[in-house]
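A.B. asks: Model the full structure from these sequences, guided by the hints.
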Amino acid sequence: MIRAKVYVTLKRGVLDPQGETVKGALESLGFAGVQDVRIGKFMVISLNGVSREEAARRIEGMCKKLLANPVIEDYRFELEEG
Amino acid sequence: MRFGIIVFPGSNCELDCQWVLQGVLGQQADLLWHKESTLKDYDCLILPGGFAHGDYLRTGAVARFSPIMAAVEDHARRGGLVLGICNGFQILCEAGLLPGVLLRNASLNFICRQVHVRVETTQTPFTAGCTEGQVLRVPINHNEGRYYADGETVARLQGQNQIIFRYVTPAGEAAPEANPNGSLDHIAGVCNQRRNVLGLMPHPERAAEELLGSTSGLLLFESILSSGPAPSLAHG
Numbered sequence: 108m109i110r111a112k113v114y115v116t117l118k119r120g121v122l123d124p125q126g127e128t129v130k131g132a133l134e135s136l137g138f139a140g141v142q143d144v145r146i147g148k149f150m151v152i153s154l155n156g157v158s159r160e161e162a163a164r165r166i167e168g169m170c171k172k173l174l175a176n177p178v179i180e181d182y183r184f185e186l187e188e189g
Numbered sequence: 246m247r248f249g250i251i252v253f254p255g256s257n258c259e260l261d262c263q264w265v266l267q268g269v270l271g272q273q274a275d276l277l278w279h280k281e282s283t284l285k286d287y288d289c290l291i292l293p294g295g296f297a298h299g300d301y302l303r304t305g306a307v308a309r310f311s312p313i314m315a316a317v318e319d320h321a322r323r324g325g326l327v328l329g330i331c332n333g334f335q336i337l338c339e340a341g342l343l344p345g346v347l348l349r350n351a352s353l354n355f356i357c358r359q360v361h362v363r364v365e366t367t368q369t370p371f372t373a374g375c376t377e378g379q380v381l382r383v384p385i386n387h388n389e390g391r392y393y394a395d396g397e398t399v400a401r402l403q404g405q406n407q408i409i410f411r412y413v414t415p416a417g418e419a420a421p422e423a424n425p426n427g428s429l430d431h432i433a434g435v436c437n438q439r440r441n442v443l444g445l446m447p448h449p450e451r452a453a454e455e456l457l458g459s460t461s462g463l464l465l466f467e468s469i470l471s472s473g474p475a476p477s478l479a480h481g
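Protein chains in written order, with my numbering: chain A, 108 to 189; chain Z, 246 to 481.
Hints should not be assumed to be uniformly reliable.
What the hints assert, rightly or not - One-sided and incomplete, this derived list gives chain A residues near chain Z with beta-carbon spacing under 8 angstroms: (1) V121; (2) L122; (3) G126; (4) T128; (5) S153; (6) L173; (7) N176; (8) V178; (9) I179.
These are computed hints drawn from the structure, not numbers from a lab.
Quick caveat, the model's predicted, so the values are computed rather than measured.
Using N, Cα and C, we set each Cβ at its ideal position, and we do this for glycine too.
C.D. replies: Printed below as a string of structure tokens:
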């Protein structure tokens, strides 16, 4: 089995009010030096019976078609075997 | 005219749209389940508000792959009218039928209240019966209504007169306090380049009778009726 860890993050320049709010909360809790907080999505997708190459191709396709919206988001993924 | 109102699992404004079209304006308006893959001779398709497919992942992200969406794209390609209201606007953006995307409101609050929008152009079948600069009083009801597109896209929309509605004060000014959700450039509604697909966050169907406090929204539906069916559709 191959497990893909997919990270979807907001592109630079896209306002992230959730991140801003969390940053404010961290500051009010006394955590100093928080420069910026950006909130994204983390997905774990398990694939069966495919090669590593094929898994990478499929996950790339999934990201392009559904998992990320290229207008506002970037994505990257890591593959783990076993 | 024949209207088709598309119902996704999680849509919740389809009956309001149907009531306005059938009950108030006396038109044919059929509800169409999202699993349909062929559509018969509709002049205008409406994607109503709600939370299609739970809005999981991103608003409209899953709905855009519902079987009926291929037929909606085909209808738009043939010049047929498509109107996306609120969640419908989000779905049309995800489907690439309209540019941009709707993000979480800047305030992080779900907003449900009356707002004012200005008609930026009457050069669409949806606003032909309005006057340029006319201020409409319509409700919004959303969590993700902050319109965003990159600078190049917004400049193109502006240049090609595709920004159809902007949030304004009752007097018609695009003052900062009149922007309820942080939308870029106060954008409340846009159309495609061909001008037959319109998406807007406010709900015109909820402002179509005196009883509801405003009849501003009726202007959109009346505009569609007076524009008539697209000649390019050529129903058999």
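A.B. asks: All hints are to be evaluated individually against the structure, with a verdict given for each.
C.D. replies: Here is how each hint holds up against the structure:
1. V121: holds, 7 angstroms
2. L122: Because about 7 angstroms separates L122 of chain A from the closest Cβ in chain Z, which is inside the 8 angstroms limit, the hint holds.
3. G126: Result: violated, 11 angstroms to nearest chain Z Cβ.
4. T128: Holds, because the Cβ-Cβ distance from T128 of chain A to chain Z comes to roughly 6 angstroms (cut-off 8 angstroms).
5. S153: Violated. Min distance 18 angstroms.
6. L173: holds, 6 angstroms
7. N176: Result: holds, 6 angstroms to nearest chain Z Cβ.
8. V178: holds, 5 angstroms
9. I179: Since chain Z brings a Cβ to about 5 angstroms from I179 of chain A, closer than 8 angstroms, the hint holds.
The earlier numbered hints that this structure contradicts are 3, 5.
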